[in-house]
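Asks: Based on the provided sequences and hints, a complete structural model is requested.
Note that our numbering has the sequence shown beginning at 1, numbered continuously upward.
No lab work stands behind these hints: they were computed from the structure. Any given hint could be a false lead.
Unchecked claim - Computed Cβ-Cβ distance ranges for the label pairs, DEER-style:
1. Val197 with Pro162: 15 to 25 Å
2. Asn110 with Val224: 28 to 38 Å
3. Trp83 with Arg18: 31 to 41 Å
4. Asn146 with Ala24: 27 to 37 Å
5. Met1 with Gln56: 26 to 36 Å
6. Arg21 with Ala116: 39 to 49 Å
7. Gly215 with Gln56: 43 to 53 Å
Think of the CB as a built atom: it goes at the ideal place given N, C-alpha and C, for glycine as much as any other residue.
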Amino acid sequence: MIAPNVPATEYYDLYGNRCARIVAPAGRISLRNEAVVEDCGLTDLQAPGSRQLQIQELPNEVMLYLLASRYCEVDSELKDIAWSLFGNTAPGWPRVQAICDFAHSHIRFNYMEARATRTALEVYREQVGVCRDYMHLAITLCRCCNIPARYCTGYLGDIGVPPGHDPMDFSAWFEAYLDGQWYTFDARNNVPRIGRVLMARGRDAADVALTTTFGKNTLHKFTVWADPIQE
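Replies: Spelled out as structure tokens, the structure:
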């Protein structure tokens, strides 16, 4: 819902995400969305035996997710760091999980120190961030180890876990390509979760911004909620 009512043009970006474009009039504008989503109620799929494919085995369409992107500097000192940390781990699922374990313990979560420009290398050095920073570091380390990885954004309610103390926000996780399919990983929570609602996928957060504006603007209010419905 857009208020005031202005026409929106829908399209799909190169990652398959459904997007909309509007020309916003001067003054306040409100963007709202509500939906009921049916979920299987199961935790993220676990496949610890999934193997890491050799580069020559990877489909052409996933090669993009091995390359450097805005927030994921594969072409940096993180390449040597990744192999020094994970070169002796078993390739495949165990290696991705080891990367998640490292990012989970290496980064201190702090909303007050969030920064929109922080890259994976800066996350590694500063050891602080929010969920997107955990994912950027994990994605970059995966790519450095020749594992295709992509960024995901969406809703993640407190289902099956104690309620959080902070106001709800959109969440980030990532997917790694193993054994011919994409699997969900979450370096921030680092446990299988129930009820992820995917909104968009991309190389990193720059590809899946909730809004991209061209011109001066000020965010006055931002509210996110995702609650289970009891039948």
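Asks: Confirm or reject each hint.
Replies: Against the structure, the hints:
1. Val197 and Pro162 have their C-beta atoms about 20 Å apart, which keeps the hinted 15 to 25 Å range intact.
2. At roughly 19 Å, the beta-carbon separation of Asn110 and Val224 lies outside the given 28 to 38 Å, and the hint is violated.
3. Between Trp83 and Arg18 the beta carbon distance is about 38 Å. The supplied range of 31 to 41 Å therefore holds.
4. The hinted range of 27 to 37 Å is not satisfied by Asn146 and Ala24, whose Cβ atoms lie roughly 43 Å apart.
5. Look at Met1 against Gln56: about 49 Å separates their beta carbons, and that is not inside 26 to 36 Å.
6. The beta-carbon spacing between Arg21 and Ala116, approximately 22 Å, falls outside the hinted interval of 39 to 49 Å.
7. Separation of Gly215 from Gln56 is about 46 Å and conforms to the stated range, judged on CB atoms against 43 to 53 Å.
Checked against the numbered hints given earlier, this structure breaks hints 2, 4, 5 and 6; the rest are met.
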